[in-house]
Amino acid sequence: MRIIFLFLLMITLISCRKDQVHYELTPYQADVPSHFPAMPIPPDNPMSLEGVELGRKLFYDKQLSLDYSISCASCHDQSRAFSDSVAYSKGVNGTLGQRNAMALFNLGWQKSFFWDGRAHTLEEQILEPVPNPIEMHLDWETALQRISSDPFYQQEFKKVFNSESPGKEEVSKAIAQFLRTLISGKSKFDVMYKIANSLSLDASEKVISNQITPQEWAGYDLFKSLNGADCFHCHNGPLMQVQGFSNNGLDQSPPDPGYGFLTGKAEDQGKFKIPSLRNIALTAPYMHDGRFATLDEVIEQYSSGVQNTTLTDPLMEFAHQGGVQLSEEEKQALKAFLHCLTDEQFVKDQRFADPN
Amino acid sequence: MNMRLFSHKNLFVLALFASLFFTACKKDHTNPPVYTYRVEVVANYQGEPIQEDSIYQMPSGDFLKWDEIKCYLGNLYFQNQSVKEAFLYDWKAKKHHFEFELCEDLRPENLSLDLGVDSSRNHLDPSAFHPANDLNILIANDMHWGWNPGYIFLKLRAYMDTIPDQIDQFDHGFVYHIGNDENLVKIQLDSIDWKKEGNLRMMHLYFDLHRFLNGPNSINFRAENKSHSESNLAGLNSRIMQNAANAFYLNP
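Chains as they are written, first to last, in the working numbering: chain A, 2 to 357; chain B, -17 to 234.
FYI, nobody ran anything at the bench for these hints, they're computed from the structure. Some clues are possibly wrong.
[To be verified] With a straight-line Cα cutoff of 27 Å, these simulated DSS-like cross-link-like pairs (lysine-lysine) come out:
| # | chain 1 | residue 1 | chain 2 | residue 2 |
| --- | --- | --- | --- | --- |
| 1 | A | Lys266 | A | Lys91 |
| 2 | A | Lys195 | B | Lys74 |
| 3 | B | Lys47 | A | Lys159 |
| 4 | A | Lys266 | B | Lys76 |
| 5 | B | Lys137 | A | Lys225 |
| 6 | A | Lys349 | A | Lys187 |
| 7 | B | Lys76 | A | Lys112 |
| 8 | B | Lys177 | B | Lys76 |
| 9 | B | Lys77 | A | Lys266 |
| 10 | A | Lys112 | B | Lys177 |
| 11 | A | Lys225 | B | Lys66 |
| 12 | B | Lys177 | A | Lys266 |
| 13 | B | Lys137 | B | Lys208 |
| 14 | B | Lys74 | A | Lys112 |
| 15 | B | Lys66 | B | Lys47 |
| 16 | B | Lys178 | A | Lys266 |
As the structure is a computational prediction, the values presented were derived from the model and not from experiment.
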């Protein structure tokens, strides 16, 4: 009978027991601007202050590359809105990448990652650059050995994931937590967006609203005008982008299939993820292959350089005439507006800087 | 005597543990039955669901392939009971149905809805809607203009082959992006045929694009092949929306 009692007692105590908590994590409240949607956080990777800090450390850690020469931040420089200054970034041993490094901000709202959209979650995306031979070129097994033998990481992974020997999924989750904090939503454009959407301004935004020049307003009008620059079909909303893929008429015959490689469909050849135009003045060179060095070149492309093919996005209504044919004055206005998308606070925010 | 006493004690403790064990994680079984109602929107062409890459003949004789069929269905009422603020139908993304729950097996007979987003919601901050609401900007995505005119109510895009030479050459097409308050159209449909499967009630709402092309308003799809709700195209916008509203029906 005693055995039965002990057995029942054990079952009763175990059945409703809470998991043992080793460390009380501090929930991280993302600093989401009032005109942004709520950020979707994956249920299996809730954000904590400790997780974000761990992710920041990993993002800047060169241990994650084969020869300790580069970190994620090497190709994603904060002063350039976490993009690179060259068309193709250099990986370990100087190996060149094949597409332009994308800027990193507002990633928590993205529905696909990489220019061709091959990753569907941020956590999935982060798993790729470490073992990629043209990037960090370090197999995950070695990367995890390095992390597990580092006392700092032992302690922090124990805190955040209750594991001193994390797997690559935990490393990815920590970096994802940090990347979700990279929110850019305090530019002059944000004030213009609020005014255009009849949203209320706070005191500091009212000050900024008085600083917006007629040329910048003219550029915004062109930006969202069908008969102007016609940019809004792909770049709109608070994120300044539509979640989708487009062939924007760069080539008669796209040398890089982009999204088309994934889908295998003829009509998707040369389509690439539509990027946000936030901080665009900081993220040169432009396009998936970094072919344009300046904003002037980009504006000229859309004005007169569009290739009208069966693959060109049908929303580019003036492709048949090579583009939207802007006057010199209009080009300057559009450029002035594009500069309004720069978020100076974001690129100087010490919370995102190298912790070392 | 002692043995019997011990035995009663044991039985008591045994019963105590058993009750603790079985009640600790018990589910609540007191809820009344809940009926799930599913509304499946089907974009079809002369009664057949539209397939990607399939070629359809237009009433004019031209051929076309559908590329985008999206619309907002707003203010959905069944028998005067509001069941959904807005549903974004997206044919290509396979966002085809929505569900709601009722505690009664009502199987309402009438459905009223808007093709579009009514003005009381159309100009609100699209980021402020609940993340699960189809009006939230993350779900709306390219169905919002990005500034005050608000949501795009209807998006239709198709590629056309206008040369009857048996060679596929879909190098024409039409693109309609219709929004603005004045273009909202109300739809009233009667005699819903609910299908029953346990506690699930299902109905189909058909959107026949052949009907859209066919009328009641005449549209020259070769010439009137673009609209983004421009005020100078008010007549075309109105014809497109009326044709689209006319293309919704309940029973094949």
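Status of each hint after checking the structure:
1. A:Lys266 to A:Lys91: violated, 31 Å
2. A:Lys195 to B:Lys74: It is violated: about 31 Å lies between the C-alpha atoms, which goes past 27 Å.
3. B:Lys47 to A:Lys159: Violated, because 56 Å separates the two Cα atoms, which is more than 27 Å.
4. A:Lys266 to B:Lys76: holds, 18 Å
5. B:Lys137 to A:Lys225: holds, 18 Å
6. A:Lys349 to A:Lys187: holds, 12 Å
7. B:Lys76 to A:Lys112: holds, 16 Å
8. B:Lys177 to B:Lys76: holds, 21 Å
9. B:Lys77 to A:Lys266: At roughly 21 Å apart (the allowed maximum being 27 Å), Lys266 of chain A and Lys77 of chain B satisfy the hint.
10. A:Lys112 to B:Lys177: Cα-Cα ~35 Å, so violated.
11. A:Lys225 to B:Lys66: violated, 31 Å
12. B:Lys177 to A:Lys266: The given pair, whose Cα atoms are some 37 Å apart, is violated under the 27 Å limit.
13. B:Lys137 to B:Lys208: holds, 11 Å
14. B:Lys74 to A:Lys112: holds, 16 Å
15. B:Lys66 to B:Lys47: Between Lys66 of chain B and Lys47 of chain B the Cα gap is close to 31 Å, so the pair fails against 27 Å, i.e. violated.
16. B:Lys178 to A:Lys266: Cα-Cα ~39 Å, so violated.
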